[in-house]
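Novice: Spelled out, the chains give:
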Amino acid sequence: MDIISGNTTVDIASLNERINRESAFVDVLNLELGKAIIGQKYMVERLMLALLSNGHILLEGVPGLAKTLAIKSLASAIHAKFSRIQFTPDLLPADLTGTMIYNQKENNFIVKKGPIFANLILADEINRAPAKVQAALLEAMQEKQVTIGDETFKLEEPFLVLATQNPIEQEGTYPLPEAQVDRFMLKVVVTYPKKEEERLIIRQNLEYAGKTINQVVKQEEIINARKTVRDVYMDEKIERYILDIVFATRNPSEYKLDKIKPFINYGASPRASINLALASKAYAFIKRRGYVIPEDIRAICFDVMRHRIGLTYEAEAENVNTEEIISEILNAVEVP
Amino acid sequence: MLNAGEWGPVRMCGYICLFMLLFMLDTMQVLNAQTTVSATLTADSTHILIGDHLNVKLTLKHPASLKIAMPVVKDSVGNMEFISASKIDTVNEPTVQSFSQTYTVSAFDSGQFHAGPIAIPYKNTSGTYDTLFSNTVIVDVNTVPVDTMRPIKPIKGPLAVPYAWQEFVLYALAALLLLLLIIGGIILYERYTREKPGASNARPIPKDPAHIWARKELKKLEDDKLWQKDQVKLYYSRLTEILRLYLEYRFNWLALESTTGEIENAIDNYQMKEKAKDNLLQILRAADLVKFAKLLPAPESNIKAMESAYKFIDLTEPKEEEQKKS
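Sequence lines, in order, name chains U and Y.
In terms of our numbering, the first sequence is residues 1 to 336.
In terms of our numbering, the second sequence is residues 1 to 326.
To be clear, the hints were calculated from the coordinates, so they are not data collected in a lab.
It should be emphasised that the depicted structure is a prediction, and the values quoted were computed from it without experimental measurement.
Hints should not be assumed to be uniformly reliable.
Unchecked claim - SDA-like, lysine to any residue: derived pairs with alpha carbons at most 20 Å apart: (1) Y:Lys294 <-> U:Lys259; (2) U:Lys259 <-> Y:Leu188; (3) Y:Lys233 <-> U:Ile12.
Claimed, not checked - Chain U regions said to be covered by chain Y (calculated; three or more residues, Cβ under 8 Å): (4) 230-244; (5) 291-304.
Stated by the list, open to error - Simulated DEER-style distance windows between Cβ atoms: (6) Y:Asn265 <-> U:Asp90: 45 to 53 Å; (7) U:Leu69 <-> Y:Glu274: 53 to 61 Å; (8) Y:Glu274 <-> U:Asn224: 40 to 48 Å; (9) U:Tyr313 <-> Y:Pro154: 53 to 61 Å; (10) U:His79 <-> Y:Glu274: 47 to 55 Å; (11) U:Asp11 <-> Y:Arg285: 20 to 28 Å; (12) U:Asn224 <-> Y:Gln228: 37 to 45 Å; (13) U:Glu196 <-> Y:Arg191: 39 to 47 Å; (14) U:Glu197 <-> Y:Glu264: 53 to 61 Å.
Beta carbons: idealized from backbone N, C-alpha and C, even for Gly.
Bound-form chain U, shown alone (with noise of 0.2 Å):
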């Protein structure tokens, strides 16, 4: 029994048969890459929270938790260009975003486009690669172009880079800066698959013949997609819980949260409060709401924040880390 009837206003009405109506791909995704990825829901829901809010990812995880396999599938479904670069302490900026070859018949210079013009881009193991080719691929994420020469190239939409680094081998690796790292919408962390998981891994390895990904969304459906997302509902309350959670990182005193000042060495960027917007109206999306609530926030609270927070050398010492802060911050800052 509802204690309560009325109506909500129209545009949320309509809001939400759109949403009803243009998520209906988000479920046969899923089936889809359900049919090469054995769990890792977790890491599956943020890849599509990623593609429908525009954002790039980072994962962290241990070698062979499908995370390649992940955006392979991915890309196969939308039927998007995949592109895989291995970083290496070798790689040249030009390596990934290509350069000028003279071609000798026509006497002049053509653009030799480089891998980073595909829809879907893995970046393994990013920390592996100098600075300078780190840099290029990030300014290619945030500004969504690259230059050759004279020429500046806009990348195709939809253009998500998924990059990798593993968090056990830190000898001959260039970890990323904060200001790059800053970039990346979400910082995934992957986990090792349930033990029933991993059984049925072994059993889908161990057949003759692989599941084929079939294409069962168009890329133009994530692109209307990504628009209907944005027009998801979002109260100025929840604004306001947004900028608590981010503010609190910057002044936890203000927040009563003198316990975890000093950890603290720097707080989260206006990025941050920009991306928890963008995520958690992502979040509804999939959830087939449309307006955020609380719950969406703090459901992408870690991925958005825990790469955005500075840490300092005491945090370090007493082992406390960004996802323990981020508690911290969301048992004390006052829902709405």
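Position chain Y against the provided structure of chain U, taking the given hints into account.
Specialist: Coordinates of chain Y only, in the frame set by chain U:
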């Protein structure tokens, strides 16, 4: 010539004279002793080995009427090295005062040394200053006889002193005390600098019991007639805030920082009737729609939400025994 019988009185007189003479001599000696001062230096031995300690005793006697102080010996006694001095021993007699002090001396060369004389300045009976000198003790200082027939040996190495645990007890105790102080300091620092979990979120607790406080707040909300003034969103915001704070005061549950979904997941951990749980969740879900999805409820829904809130308080207020206990 006198006879044997006649010699008796003469002999008697002689004896008497001799006795008187002796008596007078004795009396004079005593009188002399009462008026003269003397300083006598005596030694334990007159032969020592090089570096050995020798005790020399200075005894000072003087009439009680005179005031003479014992000398202060600092570096040497005669040409012997001064090492230490004992306390001054005083003997007070009616007419004579006697002081004695023992000095430990040594010599670090062989040969003949002399302890003393020690000069003692004093003021005599006529009021003039005089100096009294003690006698001198001659001391032969000998070296250790060397047997030249035996071969020369290297210098003997330092003696190995066995370790005794008593020597380390103090150090061990000091280290233990320091360790305890450090540990105690760390514990105190941790206790006073670290906030207890949840302490930072602590809000002032109302004086009234939670259910009375909540009813008062709901009454105030009713009286403000917010939804009647088209402030529906504010009405539901305040309504849910009162209920969330009530949960905190009544069940010690930080509900103000929890979403509706989290409250729904955690509600089974708290003892309340099913009806109360339903009431609470319905209000929260409805309020979420009003607050975040622009829902405009019908007026009767607003009244019903308030009734449900009262009902929830009624169903969850502590029983009488519980109230008495608290």
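Novice: Please go over all the hints and tell whether each is borne out by the structure.
Specialist: Hints and how they fare:
1. Y:Lys294 <-> U:Lys259: violated (37 Å)
2. U:Lys259 <-> Y:Leu188: holds (16 Å)
3. Y:Lys233 <-> U:Ile12: Answer holds: Y:Lys233 to U:Ile12 is near 16 Å, not above 20 Å.
4. 230-244: Coverage by chain Y holds for the segment 230-244 of chain U (4 residues, Cβ < 8 Å).
5. 291-304: Since three or more residues must qualify, the claim that chain Y covers the segment 291-304 of chain U holds, with 6 doing so at under 8 Å.
6. Y:Asn265 <-> U:Asp90: 45 to 53 Å: Since the Cβ atoms of Y:Asn265 and U:Asp90 sit about 51 Å apart, the hinted range of 45 to 53 Å holds.
7. U:Leu69 <-> Y:Glu274: 53 to 61 Å: At 46 Å between Cβs, range violated.
8. Y:Glu274 <-> U:Asn224: 40 to 48 Å: Holds: the Cβ-Cβ distance is about 44 Å, inside 40 to 48 Å.
9. U:Tyr313 <-> Y:Pro154: 53 to 61 Å: Holds: the Cβ-Cβ distance is about 59 Å, inside 53 to 61 Å.
10. U:His79 <-> Y:Glu274: 47 to 55 Å: Holds - the Cβ-Cβ distance for U:His79 and Y:Glu274, about 51 Å, lies within 47 to 55 Å.
11. U:Asp11 <-> Y:Arg285: 20 to 28 Å: At 21 Å between Cβs, range holds.
12. U:Asn224 <-> Y:Gln228: 37 to 45 Å: The hint (37 to 45 Å, Cβ to Cβ) holds, given that U:Asn224 and Y:Gln228 are roughly 42 Å apart.
13. U:Glu196 <-> Y:Arg191: 39 to 47 Å: For Y:Arg191 against U:Glu196, whose Cβ atoms are near 46 Å apart, the range 39 to 47 Å holds.
14. U:Glu197 <-> Y:Glu264: 53 to 61 Å: violated (27 Å)
Checked against the numbered hints above, the structure violates hints 1, 7, 14; every other hint is satisfied.
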